[in-house]
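Student: Sequence:
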Amino acid sequence: MIQYKAKLKEQIRRVLMDKYPLQEAQLEISYTPHAKMGDLALPFPLQLAKKIKKQPRELAAEIVPLLSDLCGVDRIEVAGPGFINLFLNRRDFFLLQVNSLHKPTFQPEEKKTIIEHTNINPNKAAHVGHLRNAVLGDTLGRCLKYKGENVEIQNYIDDTGIQVVDVTFGFMDMEHKTLKDIQMIEEKFDYYCWDLYTRVSSHLEEHPEAQSRKSEILRKIEEGEPPEAKIAEFISRRILKAHLETMKRIDVRYDVLPCESSILGRKFWDEAFSLLKEKGAVYFVDKGINKDCWVMKLDDDEEREKIIVRSDGTVTYVGKDIAYQLWKFGLLQKDFYYEPFTEENGRILWISTAEPKPETASFGDGSLVYNVIDTRQSYLQKIVVQGLRSLGFQDQADKSIHFSYEMVALSPKSLEELGQKISSEDKERNFLEVSGRKGLGVKADDLLDRLEQKAYLEVEKRNQDLPSEQRRLIARQIATGALRYFMLKFTRNSIIVFDFEEALSFEGETGPYLQYSLVRINSIFRKLKERENFTEKDLQTLGIDEDIPLDTLSEQEQEDFWELVIYASQFEEEIQHSVRSLEFSHIAKFAFNLCQKFNAYYHKYQVLAERDKSTKSIRIWTIQFVREVLSNVLCLMGIPQPMRM
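Residues in the sequence shown are numbered from 410 upward in steps of one, following the working numbering.
Hints were generated in silico from the structure; no laboratory data involved.
Please note that the accuracy of each hint is not assured.
Stated by the list, open to error - Ranges of calculated distance between the beta carbons of each label pair, as one might list FRET restraints:
no., residue 1, residue 2, range
1, 483, 858, 53 to 59 angstroms
2, 769, 643, 22 to 28 angstroms
3, 520, 769, 17 to 23 angstroms
4, 427, 483, 22 to 28 angstroms
5, 474, 416, 18 to 24 angstroms
6, 743, 423, 46 to 52 angstroms
7, 915, 571, 43 to 49 angstroms
8, 643, 416, 57 to 63 angstroms
9, 620, 679, 23 to 29 angstroms
10, 771, 427, 48 to 54 angstroms
11, 876, 483, 29 to 35 angstroms
12, 769, 713, 42 to 48 angstroms
13, 915, 837, 25 to 31 angstroms
14, 878, 483, 51 to 57 angstroms
Claimed, not checked - Dumping the calculated EDC-like pairs for lysine to aspartate or glutamate here, alpha-carbon to alpha-carbon at most 20 angstroms:
no., residue 1, residue 2
15, 743, 561
16, 1025, 918
17, 416, 982
18, 1006, 968
19, 463, 486
20, 650, 753
21, 1022, 964
22, 1013, 964
23, 998, 972
24, 1025, 941
25, 1013, 966
26, 700, 714
27, 521, 664
28, 639, 584
29, 589, 634
30, 998, 939
31, 418, 483
All residues carry an ideal CB built from backbone N, CA and C; glycine is no exception.
Start from the sequences and build out the full structure, keeping to the hints where you can.
Tutor: Given below as structure tokens:
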């Protein structure tokens, strides 16, 4: 539809440009409220009339005859206060849409787009909130790649941060373990560290004097001193592998893992710090609450200062993140070294290192950067952008996009189902927040395990003829679809209250409902092959390049056919709208509405039992068109496409 509108707009512009002072921005093409009023609407007479001092409806009536030869348009009418409504040639439009299904109409807009997402502190297991971050970032990446953009997916690893320090402190000072002792731990390591991190938090509250030891550990980690640095490295790498396995379960993958330790080791921060001091963006404080710190004055409050370098010389998160952002845009004129971290099916996942390696790889140097981080980090993200501006990098600051989102909570019922003990008072609440530091929360793997278990029970009831392993595969696909759709269907500024029954329902606005609709379509083609030996080759030669006798359909079926086709053709517009607004609830809603429209259409108009060859041919091509669009949109949302449900 994007390309179709563009060609239509160019035709209109050529006809009217010499006759009216029409601006390109005014020439938008929208949709009518109802098909009976037309298919597309031109609202520009309403704006143009003011400029040339005419009545909008009178102007629209004057323009309509000039547009009588628009290609692909059967009829044009004036509507309302001055709209021009277009009735498209349905046969020609349908042919065009079907024949352009595998030809995306987008053109790349950026040299390179970098998306940073997931970014779980490598100190404990991933929790349910991290899944929302990963799903949003992954979906953005899929949509941008579909648009033809050169996309690089980064997962930043904060391996020298305070959280890793806490767990290192727990192992060394509370459990008195050596590196060898830690390496010998056989149980699920990210779960072990989850519990240890909670105990450390309680210990530090009771023993505030231990903070000095934490500061010492942080300094040693940042400077690479053993044994603290070696222990922290082992902890972060082992937990990182667990995180990657968790994300693989929902089909989320990355290109590169930039590490905070490499930012320090490659002296990225030193270079960024020098630039910040040279430009006067940071200054040293010699008295007051921030004595001996390097701080940045905040643009939004002249009285407030943000610490960039602490009094002990260690760098805050935001300081290292400014350096990281500079690297992403290629502004430091240097790169990390890299080494393979994992390899799967010939695809290498690279991790940064400060030491030269024989392997070669290159990352960063983007022209647009998305940082997918929850809304609680908005303040720090603004400081990062302010850092770029203070260094004179205005264009890069403008292209530093904070893709923010709200938290994920769970319903009391879901928490109980996962074995969490909650008070009678909490049972009455609508939702409960999670806190990793307090140990309150649901591990991502536990949530996915429970989703798969519940999905398996449903699959088992419906498909007793299938082998157990195949049923488990379908259950995993359903669980992934349920989880990913649930994370996408709400606007990003909405707090999500996750509920198992709502997410896994085969009816309503859920991932399994979308999957079931596609399974239903695939079943039609499978039965066509079984009963009539109908193949994909037959589909390609079904007569789509010949005359499509729409007039053989009843008047009502023509209208229902057209409503389904015109809606499905808006697929790429929905992608564009979702990317520009960073609201993937739009594409989720589009997929749901498309499935509803298809199921209503198929309920009224059977394919397998239809005897009239022309009617059957049109219906087959209609559902094939829907199948291709639905398959595409599910792929962009990362929702698996099972053959059975």
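Student: Confirm or reject each hint.
Tutor: Cross-check of the supplied hints:
Taken as a hint, the range 53 to 59 angstroms holds for the pair residue 483 and residue 858, whose Cβ atoms sit roughly 56 angstroms apart. As the Cβ distance of residue 769 to residue 643 is approximately 27 angstroms, the hint placing it in 22 to 28 angstroms holds. One distance hint, 17 to 23 angstroms for the beta-carbon pair residue 520 and residue 769, holds here, with the actual separation near 21 angstroms. The hint said 22 to 28 angstroms for the Cβ distance between residue 427 and residue 483, and at roughly 26 angstroms that hint holds.
Here the CB-CB span from residue 474 to residue 416 is close to 21 angstroms, well matched to the stated 18 to 24 angstroms. Between residue 743 and residue 423 the beta carbon distance is about 51 angstroms. The supplied range of 46 to 52 angstroms therefore holds. Distance hint for residue 915 and residue 571: a CB-CB separation of about 44 angstroms, consistent with the stated range 43 to 49 angstroms. At about 59 angstroms, the CB distance of residue 643 to residue 416 agrees with the hint of 57 to 63 angstroms.
At roughly 26 angstroms, the beta-carbon separation of residue 620 and residue 679 lies within the given 23 to 29 angstroms, and the hint holds. Our hint of 48 to 54 angstroms for residue 771 and residue 427 holds, since their Cβ atoms are close to 51 angstroms apart. Judged by the Cβ atoms, the range 29 to 35 angstroms given for residue 876 and residue 483 is violated: they are separated by roughly 54 angstroms. Remark: the range hint 42 to 48 angstroms for residue 769 to residue 713 is upheld by a beta-carbon distance near 44 angstroms.
Take residue 915 and residue 837: their Cβ atoms lie about 30 angstroms apart, and the range 25 to 31 angstroms holds. At about 54 angstroms, the CB distance of residue 878 to residue 483 agrees with the hint of 51 to 57 angstroms. Annotation: proposed proximity of residue 743 to residue 561 holds, straight-line Cα distance about 18 angstroms (limit 20 angstroms). For the given pair, residue 1025 sits about 30 angstroms from residue 918 by alpha-carbon distance, which is inconsistent with the 20 angstroms threshold.
About 15 angstroms separates the Cα atoms of residue 416 and residue 982, which keeps this hinted pair within 20 angstroms; it holds. Using a Cα cut-off of 20 angstroms, the hinted pair residue 1006 and residue 968 holds, with the two alpha carbons roughly 12 angstroms apart. For the given pair, residue 463 sits about 18 angstroms from residue 486 by alpha-carbon distance, which is consistent with the 20 angstroms threshold. Between residue 650 and residue 753 the CA atoms are separated by roughly 13 angstroms; this keeps the pair inside 20 angstroms, and the hint holds.
This hinted pair checks out: residue 1022 and residue 964 have alpha carbons roughly 18 angstroms apart, not beyond 20 angstroms. For the proposed pair residue 1013 and residue 964, the alpha carbon gap of about 13 angstroms is at most 20 angstroms, so the pair holds. For the suggested pair residue 998 and residue 972, the alpha carbons sit about 17 angstroms apart, so the restraint of at most 20 angstroms is met. For the suggested pair residue 1025 and residue 941, the alpha carbons sit about 13 angstroms apart, so the restraint of at most 20 angstroms is met.
Distance restraint check for residue 1013 and residue 966: the Cα-Cα separation of roughly 9 angstroms lies within the 20 angstroms cut-off, and the hinted pair is therefore satisfied. Only pairs whose Cα atoms come within 20 angstroms are accepted, and residue 700 paired with residue 714 is accepted, the gap being roughly 12 angstroms. The suggested pairing of residue 521 with residue 664 holds, with an alpha-carbon distance near 13 angstroms, which does not exceed 20 angstroms. Between residue 639 and residue 584, the direct Cα distance comes to roughly 17 angstroms. Compliance with the 20 angstroms bound is thereby established for this hinted pair.
Between residue 589 and residue 634, the direct Cα distance comes to roughly 17 angstroms. Compliance with the 20 angstroms bound is thereby established for this hinted pair. For the suggested pair residue 998 and residue 939, the alpha carbons sit about 34 angstroms apart, so the restraint of at most 20 angstroms is broken. Taking the CA atoms of residue 418 and residue 483, the gap is about 16 angstroms. The hint holds against a cut of 20 angstroms.
Violated hints for the displayed structure, listed by number in ascending order: 11, 16 and 30.
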